[in-house]
Amino acid sequence: MTTPAVEEYLAVSFRLQEEGAPLTVAALAQRLSLSHASVSLMVKRLVQEELLERCEGELRLTAEGERRAAEVVRRHRLAERFLFDVLGLAWDDVHDEAGRWEHVLSPAVEERLDGVTGHPDSCPHGHPIPGREAAVAVELHALSSLDAGERAVVVQVRREETSLLRYLASLGLLPGARVLVEQVAPFGGPLLVRLGSARYALGRDMAGQILVRKGAR
Amino acid sequence: MSSCHQEADDLQQLRRRQRRRWGQSHDGPVIALAGNPNVGKSTIFNHLTGLHVTTAHYPGTTVEVAIGSARLDGRVATVVDLPGSYGLGAASDDQLAARRALLETRPDIVIVILDASNLARNLYLTLELLDLGLPVVVALNLIDEAGRSGIQTNVKRLSEALGVPVIPTVAHRGQGVRALLAVALQEAASPDGAGNGRGRGHGLHHGRGGRRWQHRRGRQPPAPDYGVEVEAQADGSLAALEATKHEWAPEGLSARGLLLLLLERDEEMWALARGSPAGQEALQHVEALEQQLGRMLRQPPALVIAGARHGLAASIAANCQRRMPLGRRLRDQLWRYATATATGIPIALAVLAGLFAFLYYVGNFLSIQFDRLWSASASPVLDAVTRFLLPGQAADVLLWGIDAGINASLAVGIPYVLTFYFLLAVLEDTGYLNAVAFLSDSLMRRVGLHGQALVPLISGAGCNVPAVIGTRVLTSRRERLIASTLVVMTPCSARTAVIMGSAARFVGLAPAVAILGVATLLMAGTGIALNRLLPGRPGELIMEVFPPRRPPLRMIAVKTWFRFKDFVIRATPIVIVGSLVMGLLYETDAIWVFTRPLSPVVEGWLGLPAVAGLALVFGILRKELALQFLVALALIEYGGNVDNLRLFMDPRQIFVFALVTTIYFPCIATATVLGREVGWRSTGAIMALTIGLAVLVGGAANQVLLRV
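From first to last, the protein sequence lines stand for chains Z and L.
Quick note: the first sequence uses my numbering, first residue 1, plus one each step.
Quick note: the second sequence uses my numbering, first residue 1, plus one each step.
Excised from the complex, chain L in its bound form:
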């Protein structure tokens, strides 16, 4: 129930935000970009705006909306990149975010980007936008692709059928983008664009004369008939909405648009209407109409509308396109290999192994180079400056923060996160991830997830931080919770480094592999248990699978850079603060206070020396530090040359130490992103779970090994 209240609160804020936040923060007219996923929307956005982009978060969703500004011949416009979605219903996060952003930013013009090779499906969203009464310009993208598949589009006819300008584009080459912006600006500037102002300039195909739908005054686009409008007119519903909408509805929507949303049982609109007496009155009309229609059509009006909209989209597409049969293309063939079981599974395994190896080798290589560079250049400078400015101990503490802290953040960030984001962008933009999601779905269902969750899990083996962010591709909170828990339990490269540097080096390869095996078993067990314990049902896969495409390198670079920047901005402050606290504890010797309460667990149950317990505490900062600290603390404790662990730990202890390090909660940076993604309470629970498991399994291993 509480989520309902939450939603109502959000709604109350919607209109306030519609005026306030947006009011001062933009220049010139507002252009919104809408479109289905994977139609080249981001490419057009990047061409329009360059790299000066900010992102906005919409309540109740995990989807971010990018905002930038575009310039043309001295004119400026604000461009809002709505999340890619198939429709504007509140049925999924992407659709909800797209809709909220549309209502909140109240664009002067909406550019809808269509995939010319799949026009009928793409037109559904276009019609939904027109239905809401929003001014629209269509960018017919991917005409080159469509042409190669034998599809020709009559742009003029399409423009006439929709009653709005249509501009053909090839976004990845920048073709048509300037013309698109010019037309959008012109449409945005003409307050009566749909009336007699049409048809001037640029020789573009505006819907002039011969329009199939009723002519309307003002800039309202034409409205098709879905078989519910006549009744709505007759029984006064439309009039009631028209008369009351200014009192309850988001601004900028037509009465017909509201009527359709209400008949489609849109929860957000119903809640808004219920919130005011005028809205309630209008709802009574709509409910009566819904009844009447339901009896007449023997079907819920929502389905009737969806069906009619689809029928219209299909007939427009059929009227405006010609298809020439072509032979099977190479990329279709590739697709078949990638998704067929016999070939697909070996290909997927090879790609995953390649991904892991690339992350491991390239990441490690970069990490070592970075550490070397840092300790050779940045460290001495920071050290000298700090010591010059501050007295002894204060300088030591501060150095923990700015030297060790920044180093820790970048030493994970640059080698592993940046590399991973690059690979992820390549896999995403080629469309290969879809094939893997398709293949792995049945496996993932066992732990209550579906195919799309595989990617974050794999990426967790590189670094948990981007992997947790990657769980956003999942739609329900239940799935995100399970997936992030499993991600956190995936041994990341830092933990693998500890296993390699301790167990593999001093005990043997087989025990090291055993540790990874135990971690995998724990993940599987936790996943199955969570799937049984958490309320709700496992997510169901509904995913469009795109044909493979060769992505432009520029797009991959832009995507990688944005994600990386986001990671650095989020993770760095936390790591620095964490390092400062650790530094303070260490330099003031307060850290040793922890040894006593920890000793029954560390020395008694786990059978480890007391210093190892401290090293585990330090590991929270950054996992590979656990090993480094163990050596450093041991030096202080035992003196002399102890860089060989075997001098103060036996093989059993080294094994248990590596096992515990692998299982318990990864690091502060992960905790931060996890807190943001699933909330702090769940984060606390996940931390407690992993620490509990680590102590339990580590202790059990210790007890077993003591007896054999």
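Pulled out of the complex, with its shape left as it was, chain Z reads as follows:
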């Protein structure tokens, strides 16, 4: 039996993996706003149930874990689509609301939601809905994975907080912006990114949230 708590852990792990961020107890604790101690207890349980596995100091979803996580995330993103398209909730409210729906939808309801929203590919924030990935036309990379000297075009910002998006927008870091990675500090340090005639230092985590297409155009 998968409890809502387990589902929440799996979904967060799924999103972290999707973002290419390290999946660790610390990262889970941060995302879930829980204490380190309680997260590591739960993680131990999930490892025992073979939903998570340990691998080179990090955690990883097992095949079974990933399957179950994808179900939760799919319900979440379908619910978001429905709340946004059909019920007309504001786009920055749907995430929290869908967080409650994702644990209670039955397969039949999930099926109907999919139909009512017209079999969407992505949630209102642009994230793919698992189980229906359209072939991705361009390969997206996290800005943090680029080397010094590489050029790229910003495609999407992963994090969904409006205030962060607005802040980045006021700096010009929004979809379509052309950037050049000038330097990458060692030991997981920040990136120095050139945008027009401005240079920004972006922490590695921050840069991991910005998805880009490699190349100058």
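Source of the hints: derived by calculation from the structure; they are not laboratory data.
Because the structure is a prediction, the values reported are computed rather than measured.
A couple of the hints might just be wrong.
[What the hints assert, rightly or not] Here are the computed lysine to any residue pairs in the SDA-like style, where the Cα-Cα straight-line distance is at most 25 Å:
1) Z/Lys-44 <-> L/Ala-529
2) Z/Lys-44 <-> L/Ala-314
3) Z/Lys-44 <-> Z/Glu-7
4) Z/Lys-214 <-> L/Gly-536
We have chain Z already, so just place chain L on it with the hints.
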């Protein structure tokens, strides 16, 4: 949740304050200065106002807003220096403070200062201001710099594109500042400035005819199209906002400006609108519009607006500027050296060592000179006057306050704080701090901070007081809390003086270094622990890195002076009161009452003589006093000549005394600023933590040393 209520309360007060406080406190028209960080805004402010400046604090932010007055040919205007920000969203402290100050002061004209060498990004803020319906004059600054980088701007074309006057300036030489003020005053005075009143006088490039955007009556500036206006017009949202805005919105904003803010999901505006029935009605329109736009554009309208605004800014910049390719400049080269790992880290270490040495040697030198001067001139005068006016013991107590107290405040303030502020201003204004922040980021992340927190930590080695104030550069409360805790644990120059005067002198250099090592380990441990225990995530670095610049000395002097004045005004009263209380306790012998409850800890656990416990209590006033008091109290207790600590303490005791002095809470002045910066509850917790650590570590050292 409580922060939400707090915010709602703040909002309720906003409009009241808009009328009340501001109503009587200014002369003439109000000019607000807006601009991105580091575009020379403060330089223009200083040129406009001279040194007669006050500062204002805005609720919910740590950013201060400076207010001064400018004069031109007998006319007076009030100038408000908004904090430098990239935009006007409520996304960060600086943007929030800039916006609140704008709404509250309701300027008659906003001067936007642009960096000509980075026009596209700078125009974003300009467009946001125009979008809100505010009257704007543009100062195109740093045209000399831009010219050296091969960038030429067509001022006339820029003025036409924006529909507002544009005045080129070179702020650090004062060029164009007078013309800027003249145009701003003229624009502020003409109630229909954007209409037919335009184009007269000064031969400046006003947007006359040929304007690309729809012509509006009144002084409203032109409004561009972001692809959401047509729908807003059609579905009645704009009309609803226009009809209801006087009932809920801050005064002075256009309906279109409000619409954009609401579509951008601006929390403050949403909260204001929800607060009144008329606002709620308008919100229903906006929400429906948001839905419709979201479906149509397949993107949140907020992003669409931001994108359109940027696109417009970029196209204006491209139309108005020409770039000539130039070779790589020396300063770019310098930058590369400062930020590349191989060269940057040695440079940073050298600069930090230099900073520390400068603070240590120059600070100590000034401190000794000051003490000498004070005891030779001020002390005897104060002493004579007080004793003439008051009977014996009362005079003694009062002298503690005015003589020892003022001396203590200035003896820390002038040598260490002033020196530090000077160095800080130099490092800031040259842009070097950015390079250090970039390099140290990965190290700082371990303790839940980012690169920008390094500066306050380093400055803590000089004096904790300005260092705690320096933590304001950090954006979240979590970061400020961690950083100030670590700052308080950094051995400041006063504590280093105690270590040198006791452990190093009477026990040896190695134990002295060991004490500094223990302090460093405790800081690292505390930082890592706080990062794990405090809720929330560590701050993320998003920082513009500026090319190095040679700052004008005048600017550095002004900056240093303002910060120093602020420190003296804040710290002095507390130190004086603290000294008076200590004096009262001491002169009435009440201080000895403390020996008994402290004795199990001091004598039993720490293994120190009882007088040392009292000296530790006195150390709260000013850390180097701990040592001076130890000697003075020992004189009373043991009599005779005991200025040699070894006569009544063995090496173990001296070591433990210096260790405890180094770890526990620095001083009253630090407590005061800490209380203001992070709140009194957190300050209490930090005090308890450091005192607890000091007793724990000091006792452990004592027990270990007893056994070896």
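We went through each hint and held it up to the structure:
For the hint linking Z/Lys-44 to L/Ala-529, the alpha-carbon distance of about 22 Å falls within 25 Å, and the restraint holds. At most 25 Å may separate the alpha-carbon atoms for a hinted pair to count; Z/Lys-44 and L/Ala-314 exceed this at roughly 52 Å. Taking the CA atoms of Z/Lys-44 and Z/Glu-7, the gap is about 15 Å. The hint holds against a cut of 25 Å. Restraint check: the Cα-Cα separation between Z/Lys-214 and L/Gly-536 comes to about 32 Å, which exceeds 25 Å; the hinted pair is violated.
Consistency with the previously given hints fails for numbers 2 and 4, ordered from lowest to highest.
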